[in-house]
Amino acid sequence: MADLQALHADDVDLTTVLADTHLDNPVMTASGCAGAGRELQQFFDVRDLGAVVTKSIMRDPRSGRPTPRMAETPSGMLNSIGLQGPGIDSFLARDLPWLLQQGARPIVSIAGSSLAEYAELARRVGHTPGVAAIEVNISCPNVENRGLVFACDPVQAARVISVVRRDTPRGVPVLAKLSPDVTSIVEIAQSVVEAGADGLVLINTLLGLRVDLDTMRPQLGGVTGGLSGPAIRPVAVRAVWQVAAALPGVPIVGVGGVRTGADALEFLAAGASAVQVGTAIFNDPAAPIRVVRELREELARRGIGKVGEAIGLAHHPRGATAVTDLSDVGQPPAARTEG
Amino acid sequence: MADLQALHADDVDLTTVLADTHLDNPVMTASGCAGAGRELQQFFDVRDLGAVVTKSIMRDPRSGRPTPRMAETPSGMLNSIGLQGPGIDSFLARDLPWLLQQGARPIVSIAGSSLAEYAELARRVGHTPGVAAIEVNISCPNVENRGLVFACDPVQAARVISVVRRDTPRGVPVLAKLSPDVTSIVEIAQSVVEAGADGLVLINTLLGLRVDLDTMRPQLGGVTGGLSGPAIRPVAVRAVWQVAAALPGVPIVGVGGVRTGADALEFLAAGASAVQVGTAIFNDPAAPIRVVRELREELARRGIGKVGEAIGLAHHPRGATAVTDLSDVGQPPAARTEG
Amino acid sequence: MTSTDSTFASSATERRPLQVTGEVFSIKRVGDYFHLTMVADGIAEQTRPGNFLALAVGGDTSAHLLRRCFSIYRARPAGVYGGTVEIVFAAGGAGTQWLSRLQPHDAVDVVGPLGRPFALPREPVACALVGGGYGSAPLFGLAERLRERRCAVHMVLGAATESRLFGTLEARRAAQSVTVTTVDGSVGIKGVVTDALPGLITRNKIEVVYSCGPMGMLRAVTDVAVEHGAWSQTAVEESMACGIGVCMTCVLPVEGDDGVIKMVRSCVEGPVFGGDKVQWDAVGTIPTGTYGAGTGGGH
Amino acid sequence: MTSTDSTFASSATERRPLQVTGEVFSIKRVGDYFHLTMVADGIAEQTRPGNFLALAVGGDTSAHLLRRCFSIYRARPAGVYGGTVEIVFAAGGAGTQWLSRLQPHDAVDVVGPLGRPFALPREPVACALVGGGYGSAPLFGLAERLRERRCAVHMVLGAATESRLFGTLEARRAAQSVTVTTVDGSVGIKGVVTDALPGLITRNKIEVVYSCGPMGMLRAVTDVAVEHGAWSQTAVEESMACGIGVCMTCVLPVEGDDGVIKMVRSCVEGPVFGGDKVQWDAVGTIPTGTYGAGTGGGH
Ligand SMILES: Cc1cc2nc3c(=O)[nH]c(=O)nc-3n(C[C@H](O)[C@H](O)[C@H](O)COP(=O)(O)OP(=O)(O)OC[C@H]3O[C@@H](n4cnc5c(N)ncnc54)[C@H](O)[C@@H]3O)c2cc1C
Ligand SMILES: Cc1cc2nc3c(=O)[nH]c(=O)nc-3n(C[C@H](O)[C@H](O)[C@H](O)COP(=O)(O)OP(=O)(O)OC[C@H]3O[C@@H](n4cnc5c(N)ncnc54)[C@H](O)[C@@H]3O)c2cc1C
Ligand SMILES: Cc1cc2nc3c(=O)[nH]c(=O)nc-3n(C[C@H](O)[C@H](O)[C@H](O)COP(=O)(O)O)c2cc1C
Ligand SMILES: Cc1cc2nc3c(=O)[nH]c(=O)nc-3n(C[C@H](O)[C@H](O)[C@H](O)COP(=O)(O)O)c2cc1C
Ligand code: FES
Ligand code: FES
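Residue numbers (my numbering), protein chains in the order written: chain A, 2 to 340; chain B, 2 to 340; chain C, 50 to 348; chain D, 50 to 348.
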């Protein structure tokens, strides 16, 4: 990029559009890594983020999984929180109003164990003024289907999204958050988009396990947990790349190991219109706002004046305009046989 | 484990049995990370390893993928070698004899792009005296099936294993190496075991991608690559745990991010009978032999006199004898909804 | 003991944690522990006894993302060197070992002060401060505050062996009486803190027992306190991923003033809890009847 | 130019790389580079010009697994301080930045010497040694060996700007003639090394051109050498994961003595190659006709 003239960081336009929603910048918190924003407000003004994605909320209060709930792993961590939360009533009464008072853009993540629960949550959240979008966490067991996870089956995943889309007011975009623990994330993505998802959030955690060598038992109370952090970034970027190539035009939010502005730019280049910062917050409570600043600088250094110009850049030689180069994706031959 | 009396490291019995094959210790090299042992012999005596697993060999010589072929990632790396290799003739003429001369235990990894190629390789390798086992790398595109990867479909995976088992002499165990990039690794494992696999090797790399922010293009010549190293260890341990619980008695070789003796012990406790060391070799050429030494110390410190006693330990309270506690695995509810 | 509010002065005033790049002033070995003093502007001014710090470990190239948490041992507001904060820690795993190799002038990324401090009694009552191992670290600042309130301060310090005790000498200055226990009898009474505590409570009419140390000890201390009708204030140590209240990893079953048991975050609602409120035997489980338990598909 | 064997002395003698924990003896800034001297027993004794080292970076808690490779600038067999090896490097990414912060007495995990050294001519012929940026580092040891063989040594050092040149002063001692080029003309000839090379070759009847630097430069230098009927020996720089020949990441299309183009490992079969053998315009691709290309399902 040396040939390009660098810009002043202040001249970079960070605004981005996500399924018709305009955001001041493409950086959000990742669900479950920022509560409902209150605690982070001690470190920076959450209003300065593109959006605040709240911890996945369920209909009823929920105590979650037994402790220990976390294990550190190389460049990452495992968590097994089990969606502990206050339930939708308390969330709408206490958490959401606070975010709106601050002037933040809330994206509300919902989780259910049945289609009916998702539908109810969609109605209640969707009709609350000020919600920028609904993020649907489908990495949950379906009690009506032998506890199989919605996100791991294209049909079940689509069912959730269609009821949520049906019961959410038009103006409120519905974002489907997908699990990477599937044979083909493109297949799931296609299926939820057909079911009405206005955008996709890629990726949720990878299923992992750690054995505690003192007790010689699984370290997590929940036995298995979700792997997050920079360790999984290459998997997340790959997911964004594949889906962006297979479904051009579908807005994607990239999440998984974003720690710096350079990481954020990598996701944009792979085809994401926005990114979320999760585990990095535990390392640096100010990470999300730092990523905004660093992304601005990364773009400026490369002479990229608008976030929009960076989106999907890695799919086509600089200058071209759309995600067109599909030649090297979705092809298992190229995509596998790494060794 | 404090209650247990520590042993002298020398008193620990490291021998392990893998599908009727006795190994002096449970530590092997991972395919593609040790060539055919020659280069590592400069750093330690490859005869002192449980086995040397050779780079996956194909029928014909193969030039592999264009460079760049690697990208460093947090606590890991991506590779896209594309199975470059000399082909089976040269391998049997030059590489295998050298290993046998050294008195090493060779496990030969084979890879094919068709059932016929796998079968031919199985016959030629299987009939070469001194081969301890055949490891079947099924993370390869099937040219006869739209280039879909064998390892990602239970039926295709089983087909490969059954032809290999059919054409390999009885005495030579056939180990199926599985990909983690599937919705249910237990399903694939079940299917290849039914097809005749004598053991399983878990896991191959995860599919990943990295964007080079200087060129703003995918960093790897092959676009996507395989993620390896400590970053993926929690995913590999989880795969071993799930399969050991679902298929008790099926020998498992754990691979993915093993860097220390403690890491090796974690895999044993999760249900592996042996482990392989791959990417760690690039950090420390002596890693495999160091892991043997450290594992011996880890076992001694915990008063575990035999490797066999450590295998599957994390599945049941100390003292019990078999992998019996399935209560907390294979259950998507417990296994998902980490957040 | 329906509510602690009547007994303890509230520490309501709004304080917020800071994130600062501290500088190592000194690091010393003390028995089996390391005593680390850092210049970290603004933190000391805000610190109350029982607060803790979260330190990033491993530097720029670190594979360890999670901060390590440590009770604040001392906090000195800006003087000649700018404000300093001090911790006492055991070098166990990768992160604390890295910290133990720090040298003067090295940079440390510090977040703090975090957590709820010890509640202080309204009246000048007699207090027992019980510390297990490095758990004594936060008790010295507490002793100072208590003495300011003209409370009688008695300290009980216990550990497995002498080298695992911290601050026995300083304790003599900080407290009216000091009792030391070691499991191996290498110094003081051969036994554990709860062997000495009952006698101490009766002799000195102790009304509040503060404790910090291993969970097992906190529980045992609480039992003794409750038996003797004394208040118990315990500083717990749960694994924490964020330390600031956003991740929900550090939870513990605690009974609220409404009598309802909830899984509460020990990093923001703790680490100090009324010992009688913590469901000690249920730690590591979700006790039945816990708020939100048994909903949402059976887990 | 069918084979290089006739022209160059073979360096057949069996040598094997060592893995040692080295100790930083000194680290100095030199222009835009860092000059690192390490005590690393046994390595110097084995080193030949063109060999390289692979250093682990980040220490115990490192998230960076892969070693960083550096040409050996100087190697001094055990003396008062034990054997030392020296490298010259640019601090770019995380690993080299970490190396640039090393202090004397810090430990460094070193593997080396690695790779094939420069081949030396049998006869005392005139040689040009062309270095781009830090690429000059391995040329000084080479110059010494060549002078021992009574070869005339002429050096050409080029860089974008003066601060990116390394060793121009030392070159005056090491060579009969020294030509310096900078793209911005800040010192020496304004231009690139290949502007100066043709004249140098003709004037001094150069028979062998050694070069080390960016791939583009190596290619251009080779073209000039071939034009003038001189041998070209180039030390390439490919990304390497292992540095010892086991991973196959560092390959390059090179024509063998049998005329067949193969993807060969630059860490063990290189980094020094006959410039005329490297398929420069095919680097980053698998040229058609390459041994093993077009088999195995189209990739
Ligand atoms: C509020 C609080 C106050 C503390 N005060 C002190 C103190 O004053 N002195 C002291 O030596 N230790 C104290 N600890 C414990 C200290 O945080 C751990 O010993 C330390 O985090 C272990 O890090 P490591 O790198 O040695 O171990 P690792 O095994 O590398 O740690 C891995 C992960 O587990 C977490 N972890 C491991 N052990 C513990 C533990 N016992 N408690 C909490 N998290 C843990 C770490 O934070 C890290 O995220 C305190 C913990 C808490 C929660
Ligand atoms: C045989 C050989 C000799 C070399 N000699 C020198 C020397 O004398 N002085 C010097 O400054 N540099 C030299 N290099 C280049 C040096 O290895 C890289 O600059 C360095 O590895 C970059 O590491 P980093 O942490 O700065 O970059 P990072 O971007 O953090 O590196 C990430 C990964 O990519 C690899 N990598 C990145 N750039 C290069 C590169 N240019 N060449 C090879 N691998 C790379 C690294 O090894 C690492 O594995 C040499 C390389 C080779 C192969
Ligand atoms: C450079 C490289 C080459 C590899 N080549 C092969 C291969 O040829 N066949 C195979 O089955 N696995 C191959 N693998 C995968 C490893 O054998 C191993 O399954 C994986 O890297 C995880 O283990 P690790 O984290 O210890 O490296 C390769 C891995 C790397 C890093
Ligand atoms: C402690 C923790 C809690 C999480 N909770 C949720 C959640 O409630 N809902 C959800 O959709 N994702 C949840 N996630 C996943 C993150 O939103 C994110 O998808 C994942 O961690 C990868 O991003 P990261 O590497 O930046 O953390 C959680 C992650 C962590 C670490
Ligand atoms: S440690 Fe994250 S909420 Fe307490
Ligand atoms: S770097 Fe591994 S083979 Fe050359």
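It should be emphasised that the hints constitute simulated quantities derived from the structure, not laboratory data.
Predicted model only: the values in this text are computed from it and were never measured.
Hints should not be assumed to be uniformly reliable.
[As the list claims (entries may be wrong)] These stretches of chain B come out as covered by chain A in the derived footprint (C-beta under 8 Å, 3 or more residues):
1. 99-107
2. 172-178
3. 254-268
[As the list claims (entries may be wrong)] Between beta-carbon pairs, the in silico distance windows are:
4. 21/B with 330/D: 37 to 43 Å
5. 94/C with 215/A: 49 to 55 Å
6. 11/B with 109/D: 26 to 32 Å
7. 43/A with 248/C: 53 to 59 Å
8. 222/C with 109/D: 24 to 30 Å
9. 146/C with 172/B: 19 to 25 Å
10. 330/D with 309/A: 51 to 57 Å
11. 75/D with 21/B: 43 to 49 Å
12. 188/B with 43/A: 44 to 50 Å
13. 146/C with 249/A: 45 to 51 Å
14. 194/C with 172/A: 30 to 36 Å
15. 18/A with 330/D: 23 to 29 Å
16. 156/D with 210/C: 28 to 34 Å
17. 149/D with 215/A: 48 to 54 Å
Just so you know, even glycine gets a beta-carbon here, dropped at the ideal spot from N, CA and C.
How the hints compare with the structure:
1. 99-107: violated (count 0)
2. 172-178: It is violated, with 0 qualifying residues against the three required.
3. 254-268: holds (count 4)
4. 21/B with 330/D: 37 to 43 Å: At roughly 53 Å between Cβ atoms, residue 330/D and residue 21/B fall outside 37 to 43 Å, so the hint is violated.
5. 94/C with 215/A: 49 to 55 Å: This hint is violated: roughly 39 Å between Cβ atoms.
6. 11/B with 109/D: 26 to 32 Å: The hint (26 to 32 Å, Cβ to Cβ) holds, given that residue 11/B and residue 109/D are roughly 27 Å apart.
7. 43/A with 248/C: 53 to 59 Å: Given a distance of about 44 Å, which is not inside 53 to 59 Å, the answer is violated.
8. 222/C with 109/D: 24 to 30 Å: Violated - the Cβ-Cβ distance for residue 222/C and residue 109/D, about 38 Å, lies outside 24 to 30 Å.
9. 146/C with 172/B: 19 to 25 Å: Roughly 48 Å apart at Cβ, these two residues miss the hinted range, so it is violated.
10. 330/D with 309/A: 51 to 57 Å: 36 Å, violated
11. 75/D with 21/B: 43 to 49 Å: 58 Å, violated
12. 188/B with 43/A: 44 to 50 Å: The hint (44 to 50 Å, Cβ to Cβ) holds, given that residue 188/B and residue 43/A are roughly 47 Å apart.
13. 146/C with 249/A: 45 to 51 Å: 49 Å, holds
14. 194/C with 172/A: 30 to 36 Å: This hint is violated: roughly 55 Å between Cβ atoms.
15. 18/A with 330/D: 23 to 29 Å: 43 Å, violated
16. 156/D with 210/C: 28 to 34 Å: 32 Å, holds
17. 149/D with 215/A: 48 to 54 Å: 38 Å, violated
Violated hints, listed in ascending order, are 1, 2, 4, 5, 7, 8, 9, 10, 11, 14, 15, 17; each of the other numbered hints is respected by the structure.
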